[in-house]
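Residue-level listing of the chains:
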Amino acid sequence: MDLNFTAEEVAFRDEVRAFITASVPAETRRKVLEGLEVSRDDTIGWQRILHGNGWGGPNWPREFGGTGWDPVRQLIFEEESAAAGTPRLLPFGLKMVGPVIMRFGNTEQQKRFLPKILSGEHWWAQGYSEPGSGSDLASLKTRAERKGDHYLVNGQKTWITLAQHANWIFCLVRTDPAVKKQSGISFLLIDMKTPGVTVRPITLLDGSHEVNEVWFEDVAVPVENRVGEENGGWTYAKFLLQHERTNIAGVGASKRELLRLKRIASEERKDGKPLIADPGFAARVAQVEIELMALEITNLRVLAAEAERRSPGPEASLLKIKGTEIQQAISELMMHAAGPRALSARGGTLAATYLNLRKTSIYGGSNEIQKNIIAQTILGL
Amino acid sequence: MHFSPMPEQQQLGEMVQRFLSEQYGFDARRKILDSREGWSREIWSKLAELGLLSLQVPEAQGGMAPAVVETLLTATAMGKAMLLEPFLSSAILGTVLIRELGSAAQREELLPAMAAGERIAVPAHFEPGARFDLRRVATAARRSGNGWTIRGQKSLVLHGPAADLLLVSARASGAVDDPAGISLFAVAREGSGVSLSPYRTPHGVVAADVELADAPGTLIGAPGSAFAGLTAAFDQGLAAVCAEAVGALQATLDATVEYTKTRQQFGVPIARFQALQHRMADMLIHVEQARSMSYLAAMRAAEPPGHERRRALSAAKVAVGNACRFVGQQAVQLHGGMGVTDEIAVSHLFRRLTVLELLLGDTAHHLEQFVAASAQAEAT
Chain A
0 MDLNFTAEEV
10 AFRDEVRAFI
20 TASVPAETRR
30 KVLEGLEVSR
40 DDTIGWQRIL
50 HGNGWGGPNW
60 PREFGGTGWD
70 PVRQLIFEEE
80 SAAAGTPRLL
90 PFGLKMVGPV
100 IMRFGNTEQQ
110 KRFLPKILSG
120 EHWWAQGYSE
130 PGSGSDLASL
140 KTRAERKGDH
150 YLVNGQKTWI
160 TLAQHANWIF
170 CLVRTDPAVK
180 KQSGISFLLI
190 DMKTPGVTVR
200 PITLLDGSHE
210 VNEVWFEDVA
220 VPVENRVGEE
230 NGGWTYAKFL
240 LQHERTNIAG
250 VGASKRELLR
260 LKRIASEERK
270 DGKPLIADPG
280 FAARVAQVEI
290 ELMALEITNL
300 RVLAAEAERR
310 SPGPEASLLK
320 IKGTEIQQAI
330 SELMMHAAGP
340 RALSARGGTL
350 AATYLNLRKT
360 SIYGGSNEIQ
370 KNIIAQTILG
380 L
Chain B
0 MHFSPMPEQQ
10 QLGEMVQRFL
20 SEQYGFDARR
30 KILDSREGWS
40 REIWSKLAEL
50 GLLSLQVPEA
60 QGGMAPAVVE
70 TLLTATAMGK
80 AMLLEPFLSS
90 AILGTVLIRE
100 LGSAAQREEL
110 LPAMAAGERI
120 AVPAHFEPGA
130 RFDLRRVATA
140 ARRSGNGWTI
150 RGQKSLVLHG
160 PAADLLLVSA
170 RASGAVDDPA
180 GISLFAVARE
190 GSGVSLSPYR
200 TPHGVVAADV
210 ELADAPGTLI
220 GAPGSAFAGL
230 TAAFDQGLAA
240 VCAEAVGALQ
250 ATLDATVEYT
260 KTRQQFGVPI
270 ARFQALQHRM
280 ADMLIHVEQA
290 RSMSYLAAMR
300 AAEPPGHERR
310 RALSAAKVAV
320 GNACRFVGQQ
330 AVQLHGGMGV
340 TDEIAVSHLF
350 RRLTVLELLL
360 GDTAHHLEQF
370 VAASAQAEAT
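Keeping their order, the protein sequence lines are chains A and B. Residue numbers for the first sequence follow numbering that gives the first Met the number 0, so the first one is 0 and each next one is one higher. Residue numbers for the second sequence follow numbering that gives the first Met the number 0, so the first one is 0 and each next one is one higher.
Extracted from the complex, chain A is given alone in its bound form (with noise of 0.2 Å):
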């Protein structure tokens, strides 16, 4: 048992470090430190920049074009990438549908469809919660009925972030209405320029344009165009979330938007003094900073137990849980640390990121499913 990074694994960190540092554009760097919204050519931009090194694709194998790293490297990886501002790699191809793909789906999609995730050309969304159907997942609706070799697809997904930019989708959808639910689903890789596709936007609390309806009006897609079995889907579709749960956690963010926190804290006065240096705000930081730090241990547990059975367990649902309470608690404090100056214009984003992040505990299963999950799985309740 050894908490420390091997020599190795430091060489490794500095070699990150060293070239995310060099190669990360200053203005995409500013607007991620100083939490400004990143423009699809920001995030395009690092991923071929990462592409051209060799490192698209972090956490995939080698025999895809991946880096082959282990979750250790991946992890140091993250961190540094958080740590240095680099926008967040899109997780819909990377960490969605690419496994998926590689696990699932056939030679033929392999070759069509990796290379894009890796190459930034492709830009996925995720098709998957409907207006009736969010924890509830597999009560999905939109209908994909058989006609020779397509199939035509109508219903409705919503939540779908960042679908104004994407320019592919892969999405549940229902191809036997007649079986238990679980068992009529389908997972189809759908190109969004197909006639009848269409998306309107939907504004959140903090006035922003980051998640879609995405409509589905008789859309024909071909049958090579369906991962895996028909009504084989609700398989994918679990392997697919416990997959996005990995990372959830986002310590490498957290600590970042931490230091955030206590710079902003250090600048503001109270009675004179740095407002850091008031021990009431000063123990409400130091809370989080400790469960911030346990997290960071908890998370390198269950990457080392993944390491050893090769997929993540249950305890997944437990750094989703704590990895957005930790979050949302950073965010919540900053915007307290600012005091007036959040709710004025030279507050820039602070209560907007407060606003903002409440969606955390609310997506990628709520936390109060993980709860069930854990409940269910690891307690046999």
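Hints listed in this document are in silico derivations from the structure and should not be mistaken for laboratory results. There may be inaccurate statements among the hints.
[To be verified] Stretch by stretch, here's where chain B covers chain A in the computed footprint (C-beta under 8 Å, at least three residues): (1) 0-10; (2) 285-291; (3) 316-327.
From the three backbone atoms N, C-alpha and C, an ideal C-beta is built for every residue, glycine too.
Given chain A, put chain B in place with the hints provided.
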């Protein structure tokens, strides 16, 4: 970076667990708890035979120190079993004090005997009104002929009534809260000028308040420079308390899960109710976060002193303390009326968790320590 114990460490951990589950079940422990002494010499000798009292003894004296992982696994197992014997007070705190502060001759004289279970030496450091401040020592040491005499009061001396030697901190110089000027003395528990007011703590451990009225003491190591050794011992103690708490926390969660699966109301096991399921999920999250911090505490306690060690150990005690309070309180709540009776294990675990949160500095104290150490780390 890796998290699995080495095979021989794993074996030791399993051996301790097996021993305790065979010889220290709830009923066996109850007999010891109800005995006049309140702890078992027989168990103590067996722990010595298993080598568990030598974990913090240096190799030169036949021990296993630093034994980071072994100490972690042993303390966790003892927390689960709710051990009543002086493992923390003598095999950890007393042993590290002698190891860090004693002369070569004193180490040779005391450590092998302590590891063999033949002598018990426990710290008598904290004083009434000092709360958890390690520096605050009002007890006075005076030269008397070739030796020293000690005068003052010590409170909450764990296993004081069981000890052969009290390791008493006292000062011959410096203000009451000056880290410099503190010395450590070995005082015979049955010596002249020593009077104990014995009692049981809420978790059933024998303890005493101690009055020293010009009691003769043997100086351990050099005069006036005991503070570093006290810090080392209490930091190692913090790591052991955190590990012990994790054992007790897991046992508390297990007992609660088991109880809610068997207890029927409205025709179903109460474990079916989502309000209770989510509470137990929250308990599990606390236990796992505490476990992570017990690892961090174990690693850092063996490292040289500094802001990082202080930050890690105080952070660990905060996380573990929060877990002790939440998990303990919820476990009693979920056991309903049974939870507040003496007959069920969970109420004993709750008492243990309550004491462990307060021991060697409560959550508020270590939150302050963490803030101070973080500020110092940033300033340097």
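Consistency of the hints with the structure:
1. Residues of the stretch 0-10 of chain A with a Cβ under 8 Å from some Cβ of chain B number 7, which satisfies the need for three, so the listed coverage holds.
2. For a cut-off of 8 Å, the count of residues in the stretch 285-291 of chain A with a CB near a CB of chain B stands at 5, and the three-residue condition holds.
3. Coverage of the stretch 316-327 of chain A by chain B holds [criterion: at least 3 residues with CB-CB distance below 8 Å; count 3].
Violated hints for the displayed structure: none, as all numbered hints are satisfied.
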